[in-house]
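Order-wise, the sequence lines are chains X and H.
In terms of my numbering, the first sequence opens at residue 1 and continues consecutively.
In terms of my numbering, the second sequence opens at residue 1 and continues consecutively.
One or more of the hints may lead you astray.
Derived list of chain X stretches under chain H, where covered just means 3 residues or more per stretch with a C-beta under 8 Å from a C-beta of chain H [stated by the list, open to error]:
1. 33-44
2. 92-101
3. 110-117
4. 152-158
5. 170-180
Listing some non-contacts, in silico: residues in chain H with all C-beta distances to chain X over 12 Å [as the list claims (entries may be wrong)]:
6. Glu22
7. Arg49
8. Gly85
9. Arg92
10. Asp134
11. Ala136
12. Thr137
13. Leu139
14. Asp154
Each pair of labels, with its calculated beta carbon distance range [said to hold, decoys possible]:
15. X:His30 / H:Met216: 21 to 29 Å
16. X:Leu54 / H:Gln174: 49 to 57 Å
17. X:Thr188 / H:Asp150: 39 to 47 Å
18. X:Gly158 / H:Asp29: 21 to 29 Å
Honestly, the hints are just simulated from the structure, not real lab data.
Since this is a predicted model, take the numbers as computed values, not measurements.
Note that CB positions come from ideal geometry on N, CA and C, so glycine has one too.
Below are the chains, spelled out letter by letter.
2 protein chains.
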Amino acid sequence: MQVEIWSDVACPWCYIGKRRFEKALARYDHADAVEVTWRSFELDSDAPRAQGELTVDRLMRKYGMSRDLAERNMARVTEAAAEEGLVYDLQRARSSNTFDAHRLVHLAVEQGRGDAMTERLMQAYQMEGLDVADRATLLDLATQVGLDPDAAADVLDGDRYAEAVRADELRARQLGVNGVPFFVFDGTTGISGAQPTEMFLKALNQLGPQVEPLVMMPADGQADDAACGEDGCAVPTPKAASDA
Amino acid sequence: MQVEIWSDVACPWCYIGKRRFEKALARYDHADAVEVTWRSFELDSDAPRAQGELTVDRLMRKYGMSRDLAERNMARVTEAAAEEGLVYDLQRARSSNTFDAHRLVHLAVEQGRGDAMTERLMQAYQMEGLDVADRATLLDLATQVGLDPDAAADVLDGDRYAEAVRADELRARQLGVNGVPFFVFDGTTGISGAQPTEMFLKALNQLGPQVEPLVMMPADGQADDAACGEDGCAVPTPKAASDA
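Next comes chain X alone, as it looks inside the complex (with noise of 0.2 Å):
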């Protein structure tokens, strides 16, 4: 089974929803046949990418709310964080641009470590008040999970992996998805937002086991004439079947 998780770095309950993900694949018996395909979101792409303001001080300018309610909603949502085990610090927390963070999380993806740079960057912005948008602390995290600093470098320094974010950012609009995180699985069932571990688990186990008929194309099923089996390979004309 394939599941992509749409996620911005930037985003709260995305690192709560990965957590929450995680648990129910912990639960799930065929967890082994289950393959994660991290998308990129950028929830606010016209951010800047000079070093972002507090998160605080954005709620307050853009949604015209007092520090008081700010600060209360950010506490709320680090109590759900920290029911999962994720001990948020918004406080310190800058919105930057995570164009290049997204960026760097394809080029992760390449070298299988797609979840382990997803996962570091997520603890970066909500635990460690970093800036995801700065070069230096971005080619920081990627060596310490492993990427080639010369690749990570590389990636940052130019354009690569723009047209694979933008080409994550066009699928989530075909499909709907206004809100992140959300997950998709095999292509067919959405889930959308940090929903409960059970949530979650029932979507693997509902979709997980079965296997649907494939259609077949041709539907004629002239369609095993150029193919090796058990008994050896179909070999073209003249007609006969035997093996090559």
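Please arrange chain H on chain X, whose structure you already have, making use of the hints.
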């Protein structure tokens, strides 16, 4: 779009099918959005790991063919390969156990080299008469495509990815795959055999640009209470849906 391709290394039609699929991809407008996943399939899981017999001898022994028929069959598949630009030398091909080769492909996938490793192994068997069960040969081929030699040796000397190979093969059985190459598009549509490039292109065009509406879980739509969107993040109790 996800395309899963089940194949074996020692499978003349698989390499031909790979080329035909690649040609379709080159003519497809949204090739960037296609992710290929290599799946393991052993045509003969009982084949010995020791230096295999020549394929022509195996055909004579296993299927009771005359040498003349076996060679004519190999010649016909060789012609089909030549039409795709592949210069086969099946006279030298040695039938071996491909389990370790498949495990190596899984390592390569994790390092972003799945296609290169698959390509190199198919070439080794079909064109170069190399023994794809031999440890030193496999290590050499892995290094040639840029895998870390220590990581490759670690795989070959242990049983890493054995479960991954078996999981691929189990899923193939569940899907009713009994010959390779076998292509599955987005988990829903199958193509068996090295079908013409046009057939692959047709599948890509039919399945690619459309996006099926997702089935949402939970169905009652209380789905966005733990997500972040353009307008900020949901906040748990009390009910107020403001930003954190």
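Cross-check of the supplied hints:
no., hint, in the structure
1, 33-44, "holds (count 5)"
2, 92-101, "violated (count 0)"
3, 110-117, "holds (count 3)"
4, 152-158, "violated (count 0)"
5, 170-180, "holds (count 7)"
6, Glu22, "holds (16 Å)"
7, Arg49, "holds (19 Å)"
8, Gly85, "holds (16 Å)"
9, Arg92, "holds (14 Å)"
10, Asp134, "holds (21 Å)"
11, Ala136, "holds (25 Å)"
12, Thr137, "holds (21 Å)"
13, Leu139, "holds (19 Å)"
14, Asp154, "holds (14 Å)"
15, X:His30 / H:Met216: 21 to 29 Å, "holds (23 Å)"
16, X:Leu54 / H:Gln174: 49 to 57 Å, "holds (52 Å)"
17, X:Thr188 / H:Asp150: 39 to 47 Å, "holds (40 Å)"
18, X:Gly158 / H:Asp29: 21 to 29 Å, "holds (25 Å)"
In summary, the numbered hints that this structure violates are 2, 4.
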